[in-house]
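Asks: So the chains spell out like this:
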Amino acid sequence: MKGNEAIAEAAIQAGCRFFFGYPITPQNQIPEYMSKRMPQVGGCFLQSESEVAAINMVYGAGGAGARVMTSSSSPGISLKQEGISYIVGAEVPCVIVNMVRGGPGLGSIQPAQSDYYQATRGGGHGDYRMPVLAPGSVQEAVTLTQDAFDLADRYRTPVMVLGDGLIGQMMEPVDMDQAADRKPAEDLPAKTWAATGHKPTDEAPRAIINSLYIDPVVLEQHCMKLQAKYDAIEAAECRWQEEMLEDAEIVIVAYGTTARIARSAMRKCREKGIKVGMIRPITLWPFPEAAIRATLKTAKKFLCVEMSTGQMIDDVKLAVEGQRPVEFYGRTGGMVPTVGEIVEKLESMNGAKTGVEQLLNQTGAALDQAANAAQKTFASIGQKIEQKVNDPAFVQKTEELKQKTGEFAGKALDGLAKGATLLGEGLNKAFGALSGLVSGEKKNDNNDKEGNE
Amino acid sequence: MAVVFKKTNMLTDKPFHYCPGCTHGIIHRLVAEVLEELGIGETAIGVAPVGCAVFAYDYFNCDMMEAAHGRAPAVATGAKRVHPDKAVFTYQGDGDLASIGAAEIVHAATRGEKITVIFVNNAIYGMTGGQMAPTTLPGQVTTTSPYGRDTNHCGFPVKVSEMLSTLNGPAYIERVSVHDVPHIKKAKAAIKKAFTLQMEGKGFTLVEVISSCPTNWGKTPKEALEWVKSDMLPAYPLGVYKDITAGGEE
Amino acid sequence: MEKQFLIAGFGGQGVLLIGQLIAKAAMREDFEVSWMPSYGPEMRGGEANCAVVISDEEIGSPLVTEPPVLVAMNKPSLAKFMPKMAPGGILLYNASLIEDVELRDDVTVIPVPCNQIAEELGNQRTANMVMLGAVLGATRFVGADSLKETLREWLGEKRAAMLDINWQAIERGQALNA
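Here the protein sequences line up with chains L, X and V, keeping their order.
Sequential numbering of the first sequence, starting at 1, is according to my numbering.
Sequential numbering of the second sequence, starting at 454, is according to my numbering.
Sequential numbering of the third sequence, starting at 704, is according to my numbering.
Among the hints, a few may not be true.
Stated by the list, open to error - Pairs of lysine-lysine, BS3-like flavour, derived with a Cα cap of 30 angstroms:
#  : chain 1 : residue 1 : chain 2 : residue 2
1  : X       : 655       : L       : 36
2  : L       : 297       : L       : 268
3  : L       : 199       : X       : 638
4  : X       : 467       : L       : 199
5  : L       : 345       : V       : 783
6  : V       : 787       : L       : 268
7  : L       : 199       : X       : 675
8  : L       : 199       : X       : 460
9  : L       : 272       : V       : 706
10 : X       : 467       : L       : 191
No wet-lab data here; the hints were simulated from the structure.
This one's a predicted model, so the numbers in the text were calculated from it and none came from an experiment.
Just chain L, same shape as in the assembly (with noise of 0.2 angstroms):
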């Protein structure tokens, strides 16, 4: 099935009966599928005038307590912000699926992975978080967009699934049977908050959907609930995949299907003996930091790789705390990174070590070199003076020189004796010349004084 298909049939198996979209490529088989399964399930596709609407319908739909979808991509994601903030304030459960294209702007319609910051960072107003699931395969977008309305339901949030055009446009084989009438989990909460139409109870009160606190003392305690939610969700919902990390010593950070293309790049590096693993996140937020941080036992730098000119790698440096070199590789605008692009990358890190383990080793060797030589010469040094020392000829001059540094030296004694009597008489004369001058500097100097006045 195509990645775009499997998604919409996976949100129907996992009990999603609202649609509400705007048509927009590379997305486009999702409304479509959604347009035809729909009225077969009993359920409910509306094609609405504007994105803008479509998210409000969502809002509708879910806070009146259904499962219900919207997909898009990038431009019509940047439409839905505001609607994505309402539905974060007053705590709606419902899916976004973003197939990411080229931006800014209209940009292109090919795949790119440059709404990160948009999709982790908020993207809408305020102070909030939304759970982002990033599939890597086709099949893996079909549990995670059933997984999505779990986590929307459990913890009354938006869950965005984040795809790219290859993802929503490639084929692979999916295992339906599996994903195929998919129940809620078990454990999930009533919805007793929704906005059902119902008689109040002491369960169900009167449902109130609703993003506004007028008074800031309320508004905190509200912001301070959903951050309490979204800590939970870090400590609960991180998922991430790790490959070839047991003696990586370079570790990519990849996710969708950027991390595919690098998991190929991952496996002829190690071909050639390079120590190269992957962390995967699928979670985007929460981000697998604790992963991440957690390979610096043997992880010596990193490389992030995206389509895009950077942005997960924030999350990247930030986990790894400064500890490694964080590197990046990324193409962006709808340009896609090939094999041998990241194969090129890795193989440069790999030869070019990090600053200080470079200077070291420059150093380290030098001073090899330098004992080495130092060596060398004191060897041949030792060996020639050896040679001389047994040499016949030398020991019979050495014998020579013996005897004749006898009567040198009589005669040098002699000398030295002379010498020294000079140097005593020349000494008490400059001594006397000595005592004779500093006697007339002193006159000097008076004068001197009286010259400057």
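Since the structure of chain L is provided, determine the placement of chains X and V on it from the hints.
Replies: Then chains X and V, alone, in the frame of chain L:
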């Protein structure tokens, strides 16, 4: 002691925040009474706007949702599609419905979305402090049209009932006023008819209620009601603009 | 083991189908597979291509940027993708439509007169099946039985009568370099 008057159960006990002389209170009560009288109130779902009626969710005693500015018809669409057997209504002002939410209202209407829209038209942005609204009359002074609305510069008021009645989706559209008792009674009848047709699944229903805003018009409550009669009603003629059950004027 | 294919031509030549049948046949033999079509405006221009990857382990990149096996059904496709081929690869091209071109000498070149053979079989529409057969003969990506079963399944009951003519086309293609 015999009970001669009792506040409708469809309003909560929360005191209104509306200004003295504002007719929002009357309109709230009419809607609430109709919901109760038709026996659809306890299971109704209301959608509040952004504007003076932003706190409507505190007043209507049923499940309520607070929508983003102008998006109430889209939110109501979502709710109605999930609960087609429940009464779903929006309560919107002129800035919310006719300006920022123009697309949402037009498309909800043309889809024949089976909801009831209570559209309160007082020709001004009230909550934000009296700026020019899409329904502000030509020459009317507001904080953003201090020399009076210059139609050459910023065009003409939007006539919502007239405009939407050209579409095929709406089942019932009427413009009413609440400036005196006879008109209040008529307004209530219109609201009742709108909800009745909604529950019968006839299509989109909208009641435009001409309202006053003494605070931002710079008038006393009494003067404001006079101005409704003298200035608003000539610009916004009352009457039924669309009724697929009667097929014409009242 | 990983095998990559890039199949390119213009819309209507059945290039996407060639790729799908390769992927489905490999799936039948329990390989991991991926099929990735080109999409967007470039399809409107009439060009179509798809990348197929078959592997016995989880597939990395579903894209084929340096095709080890290139199927070129028309001249623009050959011009576009031949320079990107990996040295030592296999180039299968539709010799009925592609003439007078300079071919690389560092790849194995297999000319396949698709349309000519299809015409001999009396059904022009089987040209892509001839090419599919040639791919099977040149790469042996699956056993012939698997491909035949895949084709049978794809045709379904409605078009079951078409199996013979299509299979003949595949066999003719396969025989070219068996």
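Asks: Evaluate each hint against the coordinates.
Replies: To see whether the hints hold, each was checked on the structure:
1. X:655 - L:36: Holds - the C-alpha atoms of residue 36 of chain L and residue 655 of chain X are around 26 angstroms apart, at most 30 angstroms.
2. L:297 - L:268: Cα-Cα ~23 angstroms, so holds.
3. L:199 - X:638: Within the cut-off at roughly 28 angstroms; holds.
4. X:467 - L:199: holds, 19 angstroms
5. L:345 - V:783: Since the Cα atoms of residue 345 of chain L and residue 783 of chain V sit roughly 26 angstroms apart, the hinted pair holds (cutoff 30 angstroms).
6. V:787 - L:268: Since the Cα atoms of residue 787 of chain V and residue 268 of chain L sit roughly 19 angstroms apart, the hinted pair holds (cutoff 30 angstroms).
7. L:199 - X:675: violated, 40 angstroms
8. L:199 - X:460: Distance ~19 angstroms between residue 199 of chain L and residue 460 of chain X Cα, so the pair holds.
9. L:272 - V:706: holds, 20 angstroms
10. X:467 - L:191: holds, 26 angstroms
Comparing the model with each numbered hint stated earlier shows that hint 7 is the single one that does not hold.
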